[in-house]
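Based on the hints, put chains X and H in the right spot on chain Z.
Chains as they are written, first to last, in the numbering used here: chain Z, 1 to 228; chain X, 1001 to 1243; chain H, 2001 to 2363.
Bear in mind the hints are in silico, worked out from the structure with no lab data behind them. Heads up, the beta-carbon is just placed ideally off N, CA and C, and yes, glycines get one too. Check the hints yourself; a few may be wrong.
One-sided and incomplete, this derived list gives chain X residues near chain Z with beta-carbon spacing under 7 Å [as the list claims (entries may be wrong)]:
no. : residue
1   : LEU1023
2   : VAL1027
3   : ARG1163
4   : PHE1180
5   : PRO1181
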Amino acid sequence: MTIFYFTLKRSFANLANLIFLTAAPIACIFLPAGEGWPPLAYGYAYFGIVILFVAIRLAQIMMEDRVKGILKRLSVAPVRYFSYLGQHLLAYAVILILQSAVVVLGGWIAGQELHRPWALFALYVSFSFAALAMALAWISVFRSKDAAFLFYMSLIVLAALLGGIILPLEIFPDLLRRIAVILPTFWFAEGLKSIASAQPFADNVRINATLCLYALVFLVLGSTRRMQ
Amino acid sequence: MRVLSTLRFTLLRLMRNYIVLLLLLAVPIALLTVFSVILSGMVDEAGRPYFDQTALTMVLAFQLFGGSTVMSYLNEDLFARNRERMTVAPFNRTLYAFSILLAGSAFSFLLGAAIMAYTRLVLGLVWANWGWTLYLIALMAVLSSIVCVIFVCGVKSFSTAERLSEVYGVGFVLLAGLFFPMPQHAVFEFMGSYGNPLTLSVGAVRAVEIGNWNEAWFQANIVLAAIGFLFPVMLVMGRRRLR
Amino acid sequence: MSLRTERTWLANGWRLLHFGFLTYLWIGFDDAENTFILLLLLFLLTSLRWRFELPAAFLLPDILICVLYFPYTSVSYYALALPIFEWAQRGRWPFSLLVFVALGFVPFFSGWLLWYFALALFVGFFLDRYARNLEQWKKEADEQRKARQELERVKAELLEVQRSVSKQAELTERYRIARQLHDHLGHDLTGASLALQAHAYAEDPEEAKSLLQEVKSRLERSTHSLRETVHDATPVAPIGVENLERALLHFQEIDVSLRKSGDLLSVAAYQWSLLEACLKEALTNIVRHSDATAAEVTVQVAGAIVRLLVQDDGTPRENNAQSESGSGLRSLNMRARALGGSLSTSADNGFLLVCVLPLEQEG
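Pulled out of the complex, with its shape left as it was, chain Z reads as follows (with noise of 0.2 Å):
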């Protein structure tokens, strides 16, 4: 388990990475809550962009290991390529799902009206996930860090904007509402909504299986390059 361990200390090891990884979840507890929109506190929806950020940041760990060839000199050491990929994603989920915890624990203790604390953390943790094999599938097919970063970040911000996080679905004409459904980003607005509107037990477990799902076809497509 030396690549889980080393893989949290590198987590944390850049300045801007501990600042991002502890800071914004803890900034995401006090914003405050509009008016009929977003359905549960501003930082609550904000998270879930705060999520796909730290996904593709904590991504780019493993991206930096192809491109300093740190990733060569693995393949001659007795650790299997499956083993390390398993440990890295094991450690980046454990930051993410920490991560959700203290905003949701830290919520609940600040005294945010989060109507269902267990289905919005089983939201985010499945949210997590999905955003987590989008990032390894993104850096799969990049070369270089800045431009799969800067890229990526601008389909966070169009994905958060047509997924209805920034603004709600409601106002959308039809044919983008339509469209939306293909964005994670919409499932995730959608399990927010579910959550403020004490909707069933079961819709919650749809909406966090298709977000698996959505984790599952990522890494599927993601995995056909080696990393190598």
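Same frame as chain Z, but now just chains X and H:
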């Protein structure tokens, strides 16, 4: 003036910087198109379409990030990769830094103008006063470039300077209350109106739309004053760093 | 592109088109979210199939999911086209036809559905046939290439063997002559020389006479032996330029004159065989393709090369296509090159053939 001959290459470099083109041209255009579809037909109480305000804010907000090319080229040429080569270059390095500053600001300005043209030609948005808006875009571009040069000259590590410039851009966007409402506090209110170049320039353009030239000039001049104040600061820091 | 990548590229193109079509169908529906989950599931299965080489039976989950969604949306009927395509593409089109049975369950009749299924079946089938044909052609091309390479190799070997055999024959012959001279001639001449020396010291006239007689008989024997050796070394078969002369002798169609210059003996036997072949080919070409009445053959040995020229007095030919070397000249060219020389022809002023070969430096 040998520095003039390098201007051509600086421009070529800017043209080939696809990532910046993506972020400062393609992304605003995409976002504006999406917004125009979403907000089509919606008007506020005064009867002005929501999209107008959104487009104006977006064009000016992206100018906050226009200093990134100036920063990275300055760093690359004078402080990092080409540093040794530049010390034997047959021209004045300060002048060269200025040429980069001018070229980068002009590039950012051109991109802003291109976005304006796109909104006019493709999205059908009618701007009230082209000249005034372009003037404000130019001010914002120059201000961002100067701020970024101050960062890169003042901080040892380039990546910290990059982060600071991002904080500058994202910070003022957040303080303008675009993403979520800011707390009701005197500091935040100031930073959301007269302390924020974004809100100042948006305010200046909107004032002209309703014909309030006094207010418009007032707000624009605050931005100009900021430029005037930061310019000698930049000179001092640059001199110190280049020595 | 290898066989598999070409096939997979086309198959992936069809799969993407299929999903694009399903998405287009889906956009018009009311229950957007649940139908999208169907699409997502199918997309996941297709991605797995794209990423890993799954056996054909893995299309059953696809069909199961589509069947489960039958009551909810009609997009699932159209989605059945993908299993049809996949099975047809793997050569198992009877299974594809089975899926057509599902048409019986469709509550609405849609001609589009039937035609879409048929299209999927056809495209998959075509892909399968195309892939098989491609494989076949590649195998054939490979075999032919191998055969040709084998042939080239044998030809090169034969030319090499010809050269070494000629060298061997020369060496053997030299050894035989040396042996003969040593055994008989040397022996006798030495004896004669000794007898003469003894004669110089002989006091008895009888002894002197018998010694002289011995010298005479020994000299006679050595002359005889020498004549024999020379006679044996004189070949009966034509050697050297006699090859060319003999070839010209049998050539009656046009007047041919032969000119020789230089030390023709320094040309090796295997080179004469090539020069003879070139001469024959040139003369055949002249007779067949030109209107010449006479030809001139020149053999020159100068410096380190031997040159054969064949020039006729025909008119220059108009169409240049004739000047392309036939297969005979091509193979002669190859042999000449294999010996380190060259062969060139020209049709500007009648027919001219020039063959140049380097001479072996006698060590």
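Against the structure shown, which of the earlier numbered hints fail to hold, in ascending order? none
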